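Protein chains in written order, with the working numbering: chain A, 1 to 272; chain B, 1 to 267; chain C, 1 to 249.
Since the hints were made in silico from the structure, they are not lab data.
Bear in mind that the values here come from a model prediction, so they are computed numbers and not experimental data.
Worth double-checking, as some hints may not be accurate.
Pair ranges (Cβ atoms, derived) [unchecked claim]:
#1 Pro128/B - Pro11/A: 18 to 26 Å
#2 Leu222/B - Ala247/A: 20 to 28 Å
#3 Ser243/B - Leu242/C: 40 to 48 Å
#4 Arg7/A - Ile14/C: 45 to 53 Å
#5 Pro11/A - Leu7/C: 37 to 45 Å
Backbone N, C-alpha and C fix where the C-beta goes; we use that ideal spot for every residue, glycine too.
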Amino acid sequence: MPLDTRRLTGPESSQSPYNFAPVNKLDLTQLDKRPDGRSIKKLRPLFLRTNVVSQARGSSYIEMNETKVICAVYGPREVLRREDFSLKGQLTCDFKFTTFSCRQRRQYQQDSQEKDLSVLVLEALEPAVCLHKYPKSQINIFITVLQHDGSALSAAITCASVALASAGIEMYDLVVASSAAICGSVTLIDPTAQEEDALLKATVKPDNNAGSVTVAFLPSLSQVSAISSDGELSFEILNKSMQECVANCQKLYPVLEHTLVKHQQELEAGRS
Amino acid sequence: MGDAGLSEAEKTFILHSVQDDFREDGRGNEDFRHMELETSLISNTNGSARVRLANTDVLVGVKVQLTPVDPERPEVGRLEFFIDCSANATPAFEGRGGEELGSEISAMLTRAYAFPGAVDFHSLCVLPGQQCWLLYVDVLLLECGGNLFDAVSIAVKAALFNLKIPNVTMTKDEGGVELDLSDDPFDFKRLDVSGAPIIITVNKIGHYHVVDASEKEEECSLARLMLGVTEKGTITAMRKEGSGSLDPNSISDMMEVNTRFLCLPGI
Amino acid sequence: MAGMELLSDQGFRIDGRKPNELRRIRFKKGVFRQADGSAYLEQGNTKVLAAVYGPHEIRGSRSKALHDKLLINCQYSMATFSTQDRKRRPRGDRKAQEMTSHLKQTFDAVVLTELYPKVQLDIFVEVLQSDGGNYCASVNAATLALMDAGIPMKDYVIACSGSHLRDTPIVDMNNLEESSGGAEVVMAVLPRCEQIVFLEMNSRLHEDHLSGVMDHVMVGCKDIFNVLNQQVQDELCQKTQLDKLVTTG
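Excised from the complex, chain A in its bound form:
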């Protein structure tokens, strides 16, 4: 291949400059105050609003400090392929981190982690949607993480359930999700990316616990619709942090309710 001499050729392989930056030494086990000033049991403030994508049937935007997720719901619409006929409606979910949302640049194409998260979101929402009311049709959910600062999965689930509700999809209940990171004997509620990162790098003793849990909860039915955990955890700790997450979900529920009431009021105001 002829070499373009006018062009500066970079090195064949390159590395992210972050690899050479000093590692943030965040010791999660000795933590009385978290980097953002919260106590370990405190959730981040939640900002929710609906009707952010005008073309979509329903949409919502969630902000938990630096974690920002937007979600759009389209449908119910006809299933295109005839073989996919079913009396139950179909729910699809497309989870995507924007290329600039994380510390490392993400690719445009969905990678395996995003596919995995799509399935998890879907599993969290399916039990809440009255799918039998939508025969022969599908409902598409598109989730985009604009900025990822920890707990993206729980933010996405909460956001998607509000978007579904604002689209007028019939549901048994809203889905609220909450997550926790566990390091040793400390349980951090609603971890940030920095804390999640420190957890991965933490050198805990083999018998110690290090991991994270995300729980999706249907508050008025008091049912867990999805639960997922990473890392090595003992049975008792996992059980305990699951209960904590459930309690936190219940705390968040009024915020969702309030958002939807406001959405409805706006709708009616627009009509009159």
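Using the hints, position chains B and C against chain A.
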């Protein structure tokens, strides 16, 4: 999965059999089916294993390859899972039909093996900061008869146990270190898999918890809880699957059922 | 291939076989319960699994149905760990697609397709370990799987490969012999009526040698046929005897 096409009457029959703790094939709710396990089957691999759990048949081959380390984690080796759902198992897997199930299983395995104690990741690093072993764990699904995740995880653990990693000699050259792979088939090291997890799935059928469900029983269950558990009794990955939802207390109960099966994975 | 002799002066091949000697063949029919027919076959170090589903209703678009005969659908895939170097994809590459169409052609010629109009038959072949002669082992395994499924055929289809080394024809080549760059003749035949249903040759072979190699490959196919047929008949006899015991009480 869930493709057996059961009628309502058949579903009721299974529901009742679970209620009586006496399932279709004569097992109790917390009994596993008979399992066959073979190792060292495929000579082109560095380690292989096959598990047959009643009608579920899984073949795993592990190949090792030297690669540059991940700059994010320069002191450890890597594991990569790939699940191929062969059309031999069911015609529905033909072409790309099995990809969805395959990626689901590999995601679960990746998560279950993501904690530092799963295998000795440090021993997989040949030259810190430069070269490490990449273990390709390739799973081939030959027949599906229910409880795939458990069977796959057992086969993976067995194949890693069977793995022979060739020894590497390092010689310092000017301008770098040269790596030499040993040609001698008996010059190898093993991988410690005592910390490796296996996946145990508990299905909720009616109000009862059932392990090692057959394909028919899986179709009757609305929700199942999959846990990656280690010999020590720790939980390394958890996931709820299925269209139903669960009571928080029932999740704790299912977790307890899970941990009762820890003595099982003795290879 | 420097330093390695594919055929020694004493007339032995690299794995110690004589030029017209086959590799060891072992097989088992009916290895799966869910498939309508299945077979596992080992030819030396090449290990192949075949499964047959059908005849059943056409899956997917109905326009594929043939109004006067059976539609045969094949899929050839290789396990990612089957070769020396790891394969990235088990199927879908050019070679697998070619293999798939070859298998389809081969079995279109032997299955009595006119007996099953407007339906479909699936033949799935999975190579678990590859050491040369993948096509041959696949055809032989699929034949056994079709028999296990009870699909009517004109005859066994047996495939075998062969080449010409140092003025000697050799049969049933292994991976080393295949990759040495010499000529390779692959034939699938109906051994009892000596008809060729598939013939392929790679690389260069002198015109004068072709018929010699083909003769030897034909003999190789017949040898394979004898091995397979012997065991199939034995198993059948045993089964009928057992059945007789059952019926007579």
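Discussion item. 37 to 45 Å was suggested as the range; check whether the CB atoms of Pro11/A and Leu7/C agree with it.
Written reply: 50 Å, violated
Practice prompt. Determine whether the Cβ-Cβ distance between Arg7/A and Ile14/C falls within the hinted range of 45 to 53 Å.
Written response: The hint (45 to 53 Å, Cβ to Cβ) holds, given that Arg7/A and Ile14/C are roughly 51 Å apart.
Fill in: Outcome for the supplied range 18 to 26 Å, where the beta carbon pair is Pro128/B and Pro11/A
22 Å, holds
Item to complete: State, for the Cβ atoms of Ser243/B and Leu242/C, whether the hinted interval 40 to 48 Å holds or is violated.
Response: 46 Å, holds
Fill in: Distance restraint evaluation - Leu222/B, Ala247/A, Cβ atoms, bounds 20 to 28 Å
Since Leu222/B and Ala247/A have Cβ atoms about 25 Å apart, the given range 20 to 28 Å holds.
Taken one by one, the earlier hints fail for this structure only at number 5.
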